[in-house]
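Number of protein chains: 2
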Amino acid sequence: MAKVIATCRNPEAASALQALHGLYAQNLTVLRLDATREAEIRDAAEAVAKEHGHLDLLINSGAMLHPSARGETSLREISAEGLSITLATNTIGPLVMAKYFAPLLRKGTGAFGDQFPDQAKQHTAILVNLTAKVGSIGDNALGGWYSYRMSKAALNMATKNLSIELGRGKTKVVCVCLHPGTVDTDLSKPYHRNVPRVKLFTPEYSVNCLMNIIEKLDMGKTGKFFAWDGSELPW
Amino acid sequence: MAKVIATCRNPEAASALQALHGLYAQNLTVLRLDATREAEIRDAAEAVAKEHGHLDLLINSGAMLHPSARGETSLREISAEGLSITLATNTIGPLVMAKYFAPLLRKGTGAFGDQFPDQAKQHTAILVNLTAKVGSIGDNALGGWYSYRMSKAALNMATKNLSIELGRGKTKVVCVCLHPGTVDTDLSKPYHRNVPRVKLFTPEYSVNCLMNIIEKLDMGKTGKFFAWDGSELPW
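Residue numbers (the numbering used here), protein chains in the order written: chain V, 249 to 483; chain S, 249 to 483.
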């Protein structure tokens, strides 16, 4: 069974994660990590390297809508500070994660995803950045949510760049952007009453959808942006 | 003749701008403005409001490649700090400019661009964010330049959002992303020897190309991304 390392800023307060740890203590490690602190990311990567030597799948899922917990509805509500904090959390954090974990992904065993018969096209690992459909510029018809939309568009660019850099060389890493749908979590809580019930996914349902996509990824799909149902999204 | 307000961080050191001011003192005002300081932007907008009452065209052109003056060639070279400074300058600055100048653009006279015969589709002003072809995720085939590419992709999203918000209401503002080509300026200087001479534009040539595009903009073109030659770029 796979070994899973979950990270969060405050493990003591993460009761759901602690409950999972109680059930799967052999397979689940919980590491303290604030993705806006480069030194903590470097230390976490060193700890994983020492314990496991490699990583097969990295999922960057940490994000905020905005420090106010609500997206900006108009230009008047934007501020340099709100933009800066959102970009640090949603965009810079995941890319700095990629910087320190890429060497471990290069050493992965290729346990996730489909593999090409041609060895030159096989991958060692998969890097997933959870972005969002509202991070698609081409799909944007409503506006608003400046900080969140911009942070996800920039993360999409980072993922495309990563797919190019980590697609070169002897050991290749598949890098994709995934849209998880609207999931019943704290992030989207202020908006739940506007979401039709069938479109508000439980975390379990969304994770199952995303794992189905991840299990079918290969180097032919690297650098792309997929929704929870497997459909490709425009940039 | 149009009144032009040029802004820069250090007017005393901007010798080319001072020379222009010497030739066109009646028409050119030089304002001190650091686009990473929200209070300075607010003050500048208040000064322009007091002196002119409106604005017909806002061009956000300030940008850096990276604090090192060179784009990152690989993931190893990225840092949270470098990303943060580049995003503050290239992405947050222009959006905060839009926040404070939007009310003046809403009051513009429509002096630039083509106007629809239908009054409901006419615009009062134009907002241009200079982004870059390397800020196109869909066009990205080479990777690298993480900070610069990400900052411009995020600015493209901001521009799309602006086009939606400022396209609503009685007075409309055309908002576009423009790619100026590779221009003989300090920003691209470290790369000039790799650029074929015919592809390295003088500032005058690039500005003429961009003004030709701006003079043909209308509400049908808002929210789009054009290169110096008028061709539309993908997101």
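Since the hints were made in silico from the structure, they are not lab data.
Any given hint could turn out to be false.
To spell it out: a stretch of chain S is covered by chain V in this simulated footprint if at least three of its residues, at any positions, have a beta carbon under 8 angstroms from a beta carbon of chain V; those stretches are [said to hold, decoys possible]:
| hint | stretch |
| --- | --- |
| 1 | 294-303 |
| 2 | 433-443 |
A few chain V residues that don't get close to chain S, going by computed Cβ distances all over 12 angstroms [stated by the list, open to error]:
| hint | residue |
| --- | --- |
| 3 | Val252 |
| 4 | Ala267 |
| 5 | His269 |
| 6 | Asn275 |
| 7 | Ala287 |
| 8 | Ile289 |
| 9 | Glu320 |
| 10 | Arg324 |
| 11 | Phe360 |
| 12 | Lys400 |
| 13 | Ala402 |
| 14 | Lys437 |
| 15 | Met459 |
Idealized CB from N, CA, C, for every residue including glycine.
Go through the numbered hints given earlier and state which of them the structure violates, listing their numbers in rising order.
1, 2, 7, 8, 9, 10, 12 and 13
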